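**Q** Below, each chain spelled out in residue letters.
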Amino acid sequence: KNEVEQSPQNLTAQEGEFITINCSYSVGISALHWLQQHPGGGIVSLFMLSSGKKKHGRLIATINIQEKHSSLHITASHPRDSAVYICAVINFGNEKLTFGTGTRLTIIP
Amino acid sequence: EPEVTQTPSHQVTQMGQEVILRCVPISNHLYFYWYRQILGQKVEFLVSFYNNEISEKSEIFDDQFSVERPDGSNFTLKIRSTKLEDSAMYFCASSIQSYEQYFGPGTRLTVT
Numbered sequence: 001k002n003e004v005e006q007s008p009q010n011l012t013a014q015e016g017e018f019i020t021i022n023c024s025y026s027v028g029i030s031a032l033h034w035l036q037q038h039p040g041g042g043i044v045s046l047f048m049l050s051s052g053k054k055k056h057g058r059l060i061a062t063i064n065i066q067e068k069h070s071s072l073h074i075t076a077s078h079p080r081d082s083a084v085y086i087c088a089v090i091n092f093g094n095e096k097l098t099f100g101t102g103t104r105l106t107i108i109p
Numbered sequence: 001e002p003e004v005t006q007t008p009s010h011q012v013t014q015m016g017q018e019v020i021l022r023c024v025p026i027s028n029h030l031y032f033y034w035y036r037q038i039l040g041q042k043v044e045f046l047v048s049f050y051n052n053e054i055s056e057k058s059e060i061f062d063d064q065f066s067v068e069r070p071d072g073s074n075f076t077l078k079i080r081s082t083k084l085e086d087s088a089m090y091f092c093a094s095s096i097q098s099y100e101q102y103f104g105p106g107t108r109l110t111v112t
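Protein chains in written order, with this note's numbering: chain A, 1 to 109; chain B, 1 to 112.
No wet-lab data here; the hints were simulated from the structure. Computed from a predicted structure; not experimentally measured. For every residue, glycine included, the Cβ atom is placed at its ideal position computed from N, Cα and C. Please note that the accuracy of each hint is not assured.
[Claimed, not checked] Here are some of the chain B residues that sit facing chain A, going by a computed Cβ distance under 7 Å:
hint, residue
1, Ser27
2, Tyr31
3, Lys42
4, Val43
5, Phe45
6, Glu85
7, Met89
8, Glu100
9, Phe103
10, Pro105
11, Gly106
[As the list claims (entries may be wrong)] Label-pair restraints from in silico Cβ distances:
hint, chain 1, residue 1, chain 2, residue 2, range
12, B, Gln14, A, His69, 37 to 47 Å
13, B, Ile54, A, Thr106, 32 to 42 Å
14, B, Ile38, A, Ser26, 15 to 25 Å
[What the hints assert, rightly or not] To list a few chain A residues with every Cβ distance to chain B over 12 Å, as calculated:
hint, residue
15, Ser24
16, His73
17, Ile74
18, His78
Given these sequences and hints, build the entire structure.
**A** As structure tokens, then:
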């Protein structure tokens, strides 16, 4: 069973700050998702990555397979980035996602 | 952009009643999933479905639950006799094998 841990659990920052959210997992994986969940509850996939780094707009995701660790960075944070960010992993040999507990991000204007 | 849709957005039912949650996955996707999130908790896997059969299910997915793809477009989750603890947000997702899973907006199920 893969244990997925995220830190911090809650993060409050001022608009414009650089944000880092961390995810670690206990068992080797085939891929990792970063997801965004807004207050209404809907889930949006931000990235899926299995190695290296991906960038989309102000969002950057990195993964270190050897260290079983991934980070999500947000540059020039904005109040609309306020949401819960969830890390989820796919284990080798199956397709299901195992989720972390999420990081609640609040950006203050 | 294609998206996964779910109906209804909110379902209120009495304990012991049957409910059917509906999902329309993205049309060229082959793998389908149901997840649930109890309020304040993390998202949990329920079941995956491929080639018209269950490929994997969790301990949560007991005999009270069933899934079906009745007509090649809809993907349904049935709970036969709902319990209070079934109250949760239920998410459907779909994917092409080994690719990104796309989530629907969720159905909030409230069992009274």
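**Q** Determine for every hint whether it applies to the structure shown.
**A** Hints and how they fare:
no. : hint                           : result
1   : Ser27                          : violated (18 Å)
2   : Tyr31                          : holds (6 Å)
3   : Lys42                          : holds (5 Å)
4   : Val43                          : holds (4 Å)
5   : Phe45                          : holds (4 Å)
6   : Glu85                          : violated (18 Å)
7   : Met89                          : holds (5 Å)
8   : Glu100                         : holds (4 Å)
9   : Phe103                         : holds (4 Å)
10  : Pro105                         : holds (4 Å)
11  : Gly106                         : holds (5 Å)
12  : B:Gln14 - A:His69: 37 to 47 Å  : holds (46 Å)
13  : B:Ile54 - A:Thr106: 32 to 42 Å : holds (39 Å)
14  : B:Ile38 - A:Ser26: 15 to 25 Å  : holds (23 Å)
15  : Ser24                          : holds (15 Å)
16  : His73                          : holds (19 Å)
17  : Ile74                          : holds (20 Å)
18  : His78                          : holds (22 Å)
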